[in-house]
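Colleague: If you're matching positions, the sequence shown starts at 17 in the numbering used here and goes up one per residue.
Each hint should be verified, as a subset may be incorrect.
Derived Cβ-Cβ restraints for the label pairs, each shown as a range [claimed, not checked]:
no., residue 1, residue 2, range
1, P172, L241, 24 to 34 Å
2, T120, L48, 28 to 38 Å
3, D113, E167, 27 to 37 Å
4, N65, P306, 46 to 56 Å
The calculated DSS-like cross-link candidates involving lysine-lysine, where the alpha carbons are at most 25 Å apart (straight line), are [unchecked claim]:
no., residue 1, residue 2
5, K239, K269
6, K269, K243
7, K203, K93
8, K250, K198
9, K86, K198
10, K299, K86
11, K101, K64
12, K86, K203
13, K308, K239
14, K198, K234
15, K203, K257
16, K101, K55
17, K87, K198
18, K87, K239
19, K269, K234
20, K101, K59
21, K87, K215
22, K55, K155
23, K309, K198
24, K250, K215
25, K134, K59
26, K153, K55
27, K215, K239
28, K64, K132
29, K203, K87
30, K93, K299
31, K250, K93
32, K243, K86
33, K93, K257
34, K317, K299
35, K87, K234
36, K59, K132
37, K101, K239
38, K239, K299
39, K215, K101
40, K153, K86
Because the hints were derived from the structure by calculation, they are not lab data.
Given the structure is predicted, the values throughout are model-derived calculations rather than measurements.
Cβ coordinates follow ideal geometry from the N, Cα and C atoms, glycine included.
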Amino acid sequence: MITYNSAVAIEQNSLQNIHRAIALGNFDGVHLGHQEVIKPILKDNMAKNLVPALVTFIPHPQEFFSGQTKKLLTPIKEKAQILDKLGIQELILLPFDRELANLTPLEFVEEVLLEKIKANFVSVGEDFCFGYKRQGKAKDLQSLANQYQIEVNITPEQHFLVNQQNIRISSSYIRQSLSEGKVELAKDMLGRNYQIQGKVVEGQKLGRELGFPTANLKIPPEKYLPKQGVYGVKVDIPQQKTYDLSAVMNVGKRPTVGGENIIVEVHLLNWQGDLYGQDLVIKLVNFIRPEKKFTSLDELKNQITLDCQLCL
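Taking the hints into account, I'd like the entire structure generated from these sequences.
Modeller: Written out as structure tokens, the structure is:
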């Protein structure tokens, strides 16, 4: 299992003598571009007895400077699960505060990378910036770190073709794609289906009355949700070792019954059982339709029937 640490904890405990190969950045989404930045810390560095670690910032720097909560493609718990599968052994969370933001590029290298994290190898994307007012660029990091025998790898931006256009893979473009219901496009950039994880909680049981019982999910408040509407999805129930169940998911306010808050609910096809209190992993496959207010519950029921048929 991956180990969580803050830079402070690393400095104060027995891990401080461990030397690391680190990938450094925000890594929200851990998309295919991020994975290219991560690969160099896994290659050959294990033979050098360097612990492969991902170092990121909490909160996200944009959130710190804007004062506005930033919705994340991969909240910390979900990010750790993905990194664990990639072979990362530590997830190091750097508290992004005024003190860190005010460090010069040289101070960042000396006080954070060298003294606290004990990095011998650093991998960043070519758009990486650091230090006071983002003064330091990737090439600056390479130059400064080399003075302390810290090797720095700079990974070029990753692109892919969309409608014959060369598009840069980025977290912001993934968000845009999800906001438009283009989940297949998001998958192309992530290298996996976009996921929503949550615990099943009690709802109004309206779906059961309509003949389509749903699992209502409590989602981490910082999780980025896609466009409101109905989706074809696959569902994992890890506690039951059950995977890739076909299902229909609704993200929205349920206007037909006067709903006011956005909820996430899932109807599993050809499946019965008690899911209360269990964690589900929802993998988005395709966007079926936007949310709509129906004139009656019978009309809603007929539409749900059609939605389910599309997911069988």
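Colleague: If a hint holds in the structure, say so; if it does not, say that too.
Modeller: Now for the hints, and whether the structure bears them out:
no.	hint	verdict
1	P172 with L241: 24 to 34 Å	holds (31 Å)
2	T120 with L48: 28 to 38 Å	holds (33 Å)
3	D113 with E167: 27 to 37 Å	holds (28 Å)
4	N65 with P306: 46 to 56 Å	holds (54 Å)
5	K239 with K269	holds (17 Å)
6	K269 with K243	holds (12 Å)
7	K203 with K93	holds (20 Å)
8	K250 with K198	holds (16 Å)
9	K86 with K198	holds (21 Å)
10	K299 with K86	holds (22 Å)
11	K101 with K64	holds (21 Å)
12	K86 with K203	holds (21 Å)
13	K308 with K239	holds (23 Å)
14	K198 with K234	holds (24 Å)
15	K203 with K257	holds (24 Å)
16	K101 with K55	holds (13 Å)
17	K87 with K198	holds (18 Å)
18	K87 with K239	holds (5 Å)
19	K269 with K234	holds (14 Å)
20	K101 with K59	holds (15 Å)
21	K87 with K215	holds (19 Å)
22	K55 with K155	holds (19 Å)
23	K309 with K198	holds (22 Å)
24	K250 with K215	holds (16 Å)
25	K134 with K59	holds (18 Å)
26	K153 with K55	holds (21 Å)
27	K215 with K239	holds (13 Å)
28	K64 with K132	holds (20 Å)
29	K203 with K87	holds (18 Å)
30	K93 with K299	holds (16 Å)
31	K250 with K93	holds (20 Å)
32	K243 with K86	holds (16 Å)
33	K93 with K257	holds (19 Å)
34	K317 with K299	holds (24 Å)
35	K87 with K234	holds (15 Å)
36	K59 with K132	holds (23 Å)
37	K101 with K239	holds (20 Å)
38	K239 with K299	holds (14 Å)
39	K215 with K101	holds (22 Å)
40	K153 with K86	holds (24 Å)
Consistency with the previously given hints is maintained throughout, with no hint failing.
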